[in-house]
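Protein chains: 2
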Amino acid sequence: MGRTREFDEEKVLDAAMQLFWEKGYEATSLSDLTSRMGIQRPSIYSAFGDKKELFEAALRKYTMSRASHVRTRLQNNPSVKEAFRTFFEDVVAEEYTESRSRGCFCINTMVELAPHDEKFEILTREHQMYLSVIFQETIERGIQSGELETGVNAKALSQALIVSLIGLTVIMKSRPKRSFVDNTIKVILTLLK
Amino acid sequence: MGRTREFDEEKVLDAAMQLFWEKGYEATSLSDLTSRMGIQRPSIYSAFGDKKELFEAALRKYTMSRASHVRTRLQNNPSVKEAFRTFFEDVVAEEYTESRSRGCFCINTMVELAPHDEKFEILTREHQMYLSVIFQETIERGIQSGELETGVNAKALSQALIVSLIGLTVIMKSRPKRSFVDNTIKVILTLLK
DNA sequence: TGAATAACGTACCGATAAGTATGTTATTCA
DNA sequence: TGAATAACATACTTATCGGTACGTTATTCA
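Residue numbers (the UniProt record's numbering), protein chains in the order written: chain A, 1 to 193; chain B, 1 to 193.
Among the hints, erroneous ones may be present.
Copies of one chain are not kept apart here, so a pair can be met inside one copy or by any two copies together.
Claimed, not checked - Derived DSS-like pairs: lysine-lysine, alpha-carbon spacing no greater than 30 Å straight-line:
hint, residue 1, residue 2
1, K186, K52
2, K155, K23
3, K51, K11
4, K193, K61
5, K177, K52
6, K23, K51
7, K61, K119
8, K119, K177
9, K186, K51
10, K81, K11
11, K11, K193
12, K81, K186
13, K119, K193
By construction, these hints were calculated from the structure, which means they are not laboratory data.
Since we're looking at a predicted model, the values are computed, not measured.
Work the whole structure out from these sequences, hints included.
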């Protein structure tokens, strides 16, 4: 019984996610959140808990959606090399079309919170490890199909690609010349052979 | 005329640098700064300006010292491959000996401030570009000496190595297993041939 | 040696932070 | 249909934020 909730939890959580993604944890105030989410302060606390719990919910929403996006992107291309190439290129293209770079919410959190909060150290690590497994499975598919050499160390290679992707995502926040990242992608992808 | 300054500007700036490096800009308060720097609030403002100007001075101090450290590390080894290998390995070893990862102050700033403040976008970009040039000169030395193949694209390769180093530095904040980063370094360094 | 001046410590400023108490409105179910 | 209850909006609390006014102490140079 009682009054029914007037807001859509998923929608307002999505709005919080966007804001935390743009500005980070510390730089986002409760006032920022209420205006962006379109609900009042006590509604946030009753639905999500305090600021940090809301942040965690937002980050979990992000990582789940991100992982599924990456998985489908890599699985839907019969060519493994082509799949990685277009994936990396799209990450870059997306960043350069936005007027200012948001980068990756998980990476932002790794930098801001992981060293000071074990919960986020674990959460961000597990997301990257999960992405690494997706990469690894894709590489193994390429070995199976004969597109990649049989001697390739799929696990080590997938880890190197994840690290490169993180580096690319981060350096784009300083808006280097497009040629810088384009060159980098070409070199990184020569690891796939 | 007037009273002489009782604190060493370089020393207190160094203390501020350490603190901003550990906690970032937003999470560091003026009270944190006064206690760590050992001077009072008005002394900070008279010597360095406001919080953001102090942060900028601290970051500039960091990037200059970091660049010179990287330069000497890479120049002091006759073997280019060996120079890069030991450099990357030491970056990792240093991170894993500290109880919690500070990473790189410039990278932290690239993530926290560069997307919202053009001054730091430029400052962080220029530091990375400078490091990239140091890498490039080192690679060119290796080509000259015959240690590396003549066909190597020194510029593109140096950019890829910078990006990889950034990725490594960032992912270590989530404390992945040591084998993860060790594998990654091995793969990345196969680009040097 | 004393007037001028700059660094000092203290104590304050208004603004804003995160979080909550409280009274009102809407919905439910006995 | 009315007592119970949950979501609502408003307004508040306490603490801390970045920044500064002000009176004191130490140094300098005419």
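Right, here's what the structure says about each hint:
For the homomeric pair K186 and K52, neither the shortest alpha-carbon distance inside one copy (39 Å) nor that between copies (38 Å) is at most 30 Å. For a Cα distance limit of 30 Å, the shortest separation of K155 from K23 qualifies neither inside one copy, at 34 Å, nor across copies, at 33 Å. With identical chains, the CA atoms of K51 and K11 are at most 30 Å apart within one copy only, with a shortest distance of 17 Å there and 36 Å across copies. For the homomeric pair K193 and K61, neither the shortest alpha-carbon distance inside one copy (35 Å) nor that between copies (42 Å) is at most 30 Å.
For the homomeric pair K177 and K52, the shortest alpha-carbon distance between copies (26 Å) is at most 30 Å, but the shortest distance inside one copy (36 Å) is not. In this homomeric assembly, K23 and K51 come within 30 Å of each other (Cα to Cα) both inside a single copy, at 14 Å, and across copies, at 19 Å. Taking CA atoms no more than 30 Å apart as the test, K61 paired with K119 passes inside one copy only; the shortest distance there is 16 Å, against 32 Å between copies. For the identical chains of this complex, K119 and K177 are inter-copy neighbours only, at 17 Å across copies versus 36 Å inside a copy, given an alpha-carbon limit of 30 Å.
Taking the shortest Cα distances, K186 and K51 never come within 30 Å of each other, neither inside one copy (41 Å) nor across copies (41 Å). With identical chains, the CA atoms of K81 and K11 are never at most 30 Å apart, being 36 Å at best within one copy and 52 Å at best between copies. Proximity of K11 and K193 under a CA criterion of 30 Å is satisfied in neither setting, with 43 Å inside one chain copy and 51 Å between copies. For a Cα distance limit of 30 Å, the shortest separation of K81 from K186 qualifies both inside one copy, at 12 Å, and across copies, at 21 Å.
For a Cα distance limit of 30 Å, the shortest separation of K119 from K193 qualifies neither inside one copy, at 38 Å, nor across copies, at 41 Å.
Of the hints listed earlier, those the structure fails to meet are numbers 1, 2, 4, 9, 10, 11 and 13, in rising order.
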